[in-house]
Amino acid sequence: MAERATVTFHTTPETKARLDRLAMITRRSKSFLTNTAVERYLAEEEAFVAAVEEGLAQAEAGQVVDHKQATGYLRSLTSPSPLPRPQAKS
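Under my numbering, residues -17 to 72 are what the sequence shown spells out, in order.
Mixed in with the good hints, there may be bad ones.
In silico SDA-like links for lysine to any residue, alpha-carbon gap of 20 Å or less [what the hints assert, rightly or not]:
1. Lys12 x Phe(-9)
2. Lys71 x Glu28
3. Lys50 x Gln69
Bear in mind the hints are in silico, worked out from the structure with no lab data behind them. As the structure is a prediction and not an experimental result, all values here were calculated from the model.
Model the full structure from these sequences, guided by the hints.
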């Protein structure tokens, strides 16, 4: 079995009740469900942070799209003939 660590957290009675109910319905332990939720959350947040860091690095390198081009493109998305996606300048 893999090494385990214990984490304790505070939540609302409503959230605990939801967890209890889901554990009963799925026949999974509350620990399993909580760990799965935390793993999914961490993966999502880590991907978000990585995307922000990549965007910041691109901006620092000057790889940006002009504001007028970006807003023009976004506004055109609701028109019958949208503009082509603007390319970042290098």
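TODO: Would you pick out the hints that fail for this structure and give their numbers low to high?
DONE: 2
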